[in-house]
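Q: Please model the entire structure based on the sequences and the hints provided.
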Amino acid sequence: MSSAEFNTTKPPLVLRAKQLMSEWWSELVYRHSHKKDWQEVIDEAHLQQFQSIHQNPFFLAAKENDVASIKKLMICPTTDIFEKGALGETALHIAALFNNVEAAVALIEAAPDLINEPIVSDFYKGETALHIAVLNENMRLVQELIHRGADVFSTRATGECLRKKRRNLVYFGEHILSFAACTGNEEIVRLLIENGADIRAQDRHGNTVLHILIFQTNKISSCHIYDLIMTYDMNENSRIPLDLIQNDKGLTPFKLAAAEGNLEIFQYIVNKRRINQCLLGPRSSCLYDLSEIDSWAEDNSVLEQIICSKKREARTILEIAPVKQLVKLKWMIYARHYFRFLMLAYILYIIIFTLCCIFRPLKLRPDNATDPRDVLLYVKKDVQESYITYSDHLRLVGEMISLIGAVVILLLEIPDILRVGPTKYFGQTVLGGPFHVIIITYSCLLLILFMLRITNSKGEMEIMAYALVLGWCNVLFFARGFEMLGPYVVMVHKIMFSDMLRFIWLMTFTVIGFTAALWMAYMTQDPSADPQFGDFPTTFFVQFELSLGLLDIPLNYSVWTPNIVKVLHAALTIFGFLLIMNLLIAMLGDTQTRVAEERDEIWRGQVVATILMLERRLPRWMWTRFGICGKQYGLESKWYLRVEKSKMYATKKLHHHVQAFNDEIIEPDSDKSCIEEMETTKPPMNRSSFNAESEDQCMNSSKSLKIICKDSQVPVYLENNEVVNECDV
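Position one of the sequence shown corresponds to residue 1 (UniProt numbering), numbered consecutively onward.
Read the hints as simulated data drawn from the structure, not as lab findings.
Quantities reported herein were computed from a predicted structural model and do not represent experimental measurements.
There may be inaccurate statements among the hints.
As the list claims (entries may be wrong) - Within a straight-line C-alpha distance of at most 25 Å, the following computed SDA-like cross-link-like pairs (lysine to any residue) qualify: (1) K219 with D151; (2) K324 with N300; (3) K63 with K219; (4) K165 with L47; (5) K631 with I240.
A: Dropping the structure here:
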């Protein structure tokens with residue numbers, strides 16, 4: 001499987017069961033009501049529209065741009081100018097759909113009220129002729145409609161085909177301005193804004209035009225339109241900038257770009273907010289705005305969105321400055337030490353619980369065994385007998401520590417479940433996924449164990465066994481604190497919840513089928529002649545062992561055996577062991593290869609998830625806010641992180657080698673080489689990103705910062721050609 005195919009791999013079936021059941025039930029209800037699929041309904045509606053256009057002379061004239069026929073038909077008393085088509089459209093909508101300006105003008109002149117008439121069908125409800133003209137980028141028609149009174153402020157397209165749903169291919173919002181922004185046509189956007197379009201309008205999801213740009217596939221044009229709209233917003237002098245308005249999920253456009261994994265727009269916004277401090281040869285120094293990025297200041301930060309996102313592309317943002325530098329500072333200076341201390345504390349805790357289980361209160365069995373197979377010697381003591389001696393009191397301390405630890409774990413886990421949601425909290429491997437299930441189950445088992453102990457009830461041994469297995473398995477959670485081990489634990493998750501589930505699914509039904517077939521022969525035999533096939537459950541277990549290759553074919557050659565038994569045993573060995581087991585081995589190798597390809601990405605995601613977990617659970621006084629407070633140095637009341645970047649000379653060397661072959665010496669542009677920066681992904685540049693005036697202002701505003709970092713006798717560290725001064729911490 002290629003890397004591109006792996007990027008679109010869905011979560012395991014067990015994690016999507018609830019969602020799939022809901023979708024299947026909705027589909028079943030819809031099928032029962034309409035007897036058709038949604039796509040079939042849409043296709044049929046468009047075919048009916050095509051038919052109605054060609055059957056109606058008025059609609060056909062609008063489609064063919066036949067102005068003469070339109071004028072003649074409007075004079076006819078039987079013609080209804082406001083007649084609706086199969087999709088609830090008027091003749092003006094049809095003219096706009098086929099870019100027929102002359103026909104549209106003729107219709108508007110005859111019926112001015114037609115200009116703001118919306119489509120009334122559920123599919124495209126609320127869409128006006130101006131919406132269609134804007135999407136078709138018909139500048140001439142847009143100008144005519146606006147000049148003749150088209151509403152650019154309040155009309156909203158809310159049809160089913162225009163909403164943000166999985167079954168719809170596009171999402172343009174509801175307002176005309178957002179439609180224009182999604183096309184990337186700057187002239188139409190300017191025309192709409194200058195004629196009263198509201199740049200702060202929000203749709204049913206609370207998304208502004210900037211939010212909607214994040215969902216578009218044309219990243220370059222989205223960046224240009226983003227810049228254009230922000231230019232108009234700065235002229236309004238609003239109290240809250242447009243790019244800080246939140247949607248219904250509490251996300252600004254910046255945070256939404258992180259959640260959607262829109263690398264280009266995210267980096268564009270980051271670069272637009274940064275301050276270019278100095279350019280010196282191959283090195284550059286920048287101050288990056290940490291607003292909305294740093295999780296120290298707010299819970300719903302960019303880091304939180306990246307980790308909680310279901311899209312793999314979101315984790316690539318962790319390689320972009322200043323996110324990469326901020327995460328590294330937090331991990332290296334604080335988080336890894338706290339996390340490893342927490343690991344040692346948990347290991348000590350689980351050792352105490354293990355010792356309490358090993359030395360649990362037992363006494364000799366009071367009665368004699370009557371069954372020769374009964375080899376039980378000890379039974380548990382009553383609660384009154386369990387805490388008498390010094391060793392009992394010492395064990396009691398350990399049991400209290402174990403019980404208090406279980407309660408604390410539940411108190412820490414439950415708020416995170418309510419905050420993130422069960423689906424994301426348990427379903428995403430980066431957030432811990434199965435380990436949260438393990439530790440919560442372990443804590444619940446300890447509470448059950450406590451109830452069994454104080455009530456003198458049976459079943460304590462089984463609960464202890466399960467709790468011990470889960471408790472020690474949870475130690476693997478702390479492997480994420482080590483770069484060598486973290487990705488391999490993720491590999492175990494993927495194998496368990498994808499490859500193993502498929503293997504168990506296939507093997508279970510295979511073994512059941514062969515077991516039932518064998519039992520048809522053995523149910524007529526004497527059980528004492530072959531005890532391995534004495535009953536159905538025992539036969540099933542034997543067949544399971546045989547399918548895994550754990551034993552030879554179990555036949556009793558001293559008695560007569562039906563031939564069908566030999567055939568079934570041989571078939572199960574070939575099909576179960578040779579075929580399905582080797583298929584599992586192949587799938588495991590494929591999973592290992594895929595996880596190895598994204599090893600670094602997994603490690604970065606685990607580090608960020610660990611940092612966020614520690615920041616939520618540790619007191620604020622144990623963390624230091626990273627960066628520089630700009631207010632102290634004449635900047636805005638924001639926090640900045642200073643990042644130095646170095647352009648390696650490998651590009652120049654390669655350039656000289658190429659020149660040697662061409663026998664031409666071309667002097668490299670030194671000014672340009674100073675400005676270029678080595679980034680993992682180069683962002684789309686707007687027209688004002690690196691103008692000289694903005695650079696001079698940045699140089700003047702940051703002189704004091706340069707002096708401070710220069711005077712501070714602290715080392716700097718360089719990695720991937722990026723330097724972060726520790727004086728910024």
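Q: Does each hint fit the structure? Answer for all of them.
A: Now the hints, each set against the structure:
1. K219 with D151: Not satisfied, since the Cα-Cα distance of roughly 29 Å exceeds 25 Å.
2. K324 with N300: holds (18 Å)
3. K63 with K219: Violated: K63 and K219 sit about 33 Å apart, past 25 Å.
4. K165 with L47: This hinted pair holds, its Cα atoms lying about 23 Å apart.
5. K631 with I240: holds (19 Å)
The structure fails hints 1 and 3 (numbered hints given earlier, in ascending order).
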